[in-house]
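Student: Assemble the whole structure, with the sequences as input and the hints as a guide.
Order-wise, the sequence lines are chains R and H. Mind the numbering: the first sequence is residues 1 to 113 in our numbering, read in order. Mind the numbering: the second sequence is residues 1 to 112 in our numbering, read in order.
By construction, these hints were calculated from the structure, which means they are not laboratory data. There's no promise every hint is true.
[Unchecked claim] Here are the simulated SDA-like cross-link-like pairs (lysine to any residue), alpha carbons at most 25 Å apart as the crow flies: (1) H:Lys58 with H:Val11; (2) H:Lys49 with R:Lys71; (3) R:Lys62 with H:Met99; (4) H:Lys58 with R:Asp56; (5) H:Lys49 with R:Lys62; (6) R:Lys11 with H:Pro40; (7) H:Lys49 with R:Lys11; (8) H:Lys111 with R:Leu39; (9) H:Lys61 with R:Ile26; (10) H:Lys49 with H:Ser26; (11) H:Lys49 with R:Thr31; (12) R:Lys11 with H:Gln45; (13) H:Lys61 with R:Lys11; (14) H:Lys49 with R:Ser97; (15) H:Lys58 with R:Asn38; (16) H:Lys58 with R:Thr76; (17) H:Lys61 with R:Lys71; (18) R:Lys62 with H:Ser26; (19) R:Lys11 with H:His43; (20) H:Lys49 with R:Asn30; (21) R:Lys71 with H:Met99; (22) H:Lys49 with R:Asp56; (23) H:Lys58 with R:Thr101; (24) H:Lys61 with R:Leu46; (25) R:Lys78 with H:Gln42; (26) H:Lys61 with R:Lys62; (27) H:Lys69 with R:Asp100; (28) H:Lys49 with R:Ser27; (29) H:Lys71 with R:Gln41; (30) H:Lys58 with R:Gly3; (31) H:Lys49 with R:Ala2; (32) H:Lys49 with R:Gly85; (33) H:Lys49 with R:Lys15; (34) H:Lys61 with R:Leu84; (35) H:Lys49 with R:Lys78; (36) R:Lys11 with H:Val11; (37) H:Lys61 with R:Pro106.
[Unchecked claim] Computed list of chain H residues with no C-beta within reach of chain R, every gap over 10 Å: (38) Ile12; (39) Tyr25; (40) Pro55.
Note that beta-carbon positions come from the ideal geometry of N, C-alpha and C, so glycine has one too.
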Amino acid sequence: EAGVVQSPRYKIIEKKQPVAFWCNPISGHNTLYWYLQNLGQGPELLIRYENEEAVDDSQLPKDRFSAERLKGVDSTLKIQPAELGDSAVYLCASSLSMTDTQYFGPGTRLTVL
Amino acid sequence: AQSVSQHNHHVILSEAASLELGCNYSYGGTVNLFWYVQYPGQHLQLLLKYFSGDPLVKGIKGFEAEFIKSKFSFNLRKPSVQWSDTAEYFCATNNAGNMLTFGGGTRLMVKP
Numbered sequence: 001e002a003g004v005v006q007s008p009r010y011k012i013i014e015k016k017q018p019v020a021f022w023c024n025p026i027s028g029h030n031t032l033y034w035y036l037q038n039l040g041q042g043p044e045l046l047i048r049y050e051n052e053e054a055v056d057d058s059q060l061p062k063d064r065f066s067a068e069r070l071k072g073v074d075s076t077l078k079i080q081p082a083e084l085g086d087s088a089v090y091l092c093a094s095s096l097s098m099t100d101t102q103y104f105g106p107g108t109r110l111t112v113l
Numbered sequence: 001a002q003s004v005s006q007h008n009h010h011v012i013l014s015e016a017a018s019l020e021l022g023c024n025y026s027y028g029g030t031v032n033l034f035w036y037v038q039y040p041g042q043h044l045q046l047l048l049k050y051f052s053g054d055p056l057v058k059g060i061k062g063f064e065a066e067f068i069k070s071k072f073s074f075n076l077r078k079p080s081v082q083w084s085d086t087a088e089y090f091c092a093t094n095n096a097g098n099m100l101t102f103g104g105g106t107r108l109m110v111k112p
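Tutor: Okay, here's the thing in structure tokens:
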């Protein structure tokens, strides 16, 4: 069974540019999560989806970050415009339901210059 | 709000040494507890989890963890580490919404 797929794996952009990350969860997983992991720290939740509904986005900086999961399967996370402090690894995870074990993708490492 | 503390940021051991990584959480209610591992260049993987029942939980690759409610702890142990255990280890807890709160991680280096 394929795991959580994320692309791109690496992205380097200049500040003020937009960037988007894509995630395809494990087939059949209804719950999808986006996490941010800064260097030397543990992941921090940005947003959680139950199917296509964002049920918790309290940690998402809404002035520049947005996310969508239009058909309840794959999801995109966007930053516009990117700032230097956004350099981090962006992780996607999925679970069968909100009470099940989360499985993580390999992450997208973003570098903002 | 929940928080998770991992007191050892870096641990260096020789092969066959015993391992214990500390994890303390702050939430006073019912908690589920997890240890995740991230091997170099790989994604986060679940090592073991505690939801209820026997407080001594056995996971993959010979790891175990003990939930001690009175100490708010969930320390990870392995009696004899191998070079292949070199990785970063994260303790995490969740709430009713299954939102994981992670500790800062412990980088383990095992010398051959």
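Student: What's the verdict on Lys11 of chain R and Val11 of chain H, does the C-alpha distance respect the 25 Å limit or exceed it?
Tutor: With Cα atoms ~31 Å apart, Lys11 of chain R and Val11 of chain H exceed 25 Å; violated.
Student: CA of Lys78 of chain R to CA of Gln42 of chain H, is that 25 Å or under?
Tutor: Roughly 24 Å separates the two Cα atoms, so the pair holds.
Student: Next pair to validate is Lys49 of chain H with Lys78 of chain R; report whether the Cα-Cα distance is within 25 Å.
Tutor: 32 Å, violated
Student: Lys49 of chain H and Gly85 of chain R were given as a pair; does the straight-line alpha-carbon distance stay at or below 25 Å?
Tutor: 33 Å, violated
Student: Keeping to a limit of 25 Å between CA atoms, is the pair of Lys49 of chain H and Lys62 of chain R held or broken?
Tutor: At roughly 33 Å apart (the allowed maximum being 25 Å), Lys62 of chain R and Lys49 of chain H break the hint.
Student: Would the pair Lys49 of chain H and Asn30 of chain R pass a check requiring their Cα atoms to be no farther apart than 25 Å?
Tutor: Cα-Cα ~21 Å, so holds.
Student: Holds or violated: Lys61 of chain H with Pro106 of chain R, Cα cutoff 25 Å?
Tutor: Holds, at about 21 Å.
Student: Mind verifying the non-interface call on Ile12 of chain H? Its CB should be farther than 10 Å from each CB in chain R.
Tutor: Non-interface label on Ile12 of chain H holds, nearest chain R Cβ at 17 Å vs cutoff 10 Å.
Student: Within a Cα-Cα threshold of 25 Å, do Lys11 of chain R and Gln45 of chain H meet the stated pairing?
Tutor: Since the Cα atoms of Lys11 of chain R and Gln45 of chain H sit roughly 23 Å apart, the hinted pair holds (cutoff 25 Å).
Student: Against the 25 Å threshold, does the CA-CA distance of Lys111 of chain H and Leu39 of chain R hold or violate the hint?
Tutor: OK: Lys111 of chain H and Leu39 of chain R at ~23 Å, within 25 Å.
Student: Holds or violated: Lys49 of chain H with Lys15 of chain R, Cα cutoff 25 Å?
Tutor: 40 Å, violated
Student: Would you mind confirming whether the straight-line C-alpha gap from Lys49 of chain H to Thr31 of chain R stays at or under 25 Å?
Tutor: Answer holds: Lys49 of chain H to Thr31 of chain R is near 19 Å, not above 25 Å.
In this structure, the hints that do not hold are numbers 2, 4, 5, 7, 13, 15, 16, 17, 18, 24, 26, 32, 33, 34, 35, 36, in rising order.
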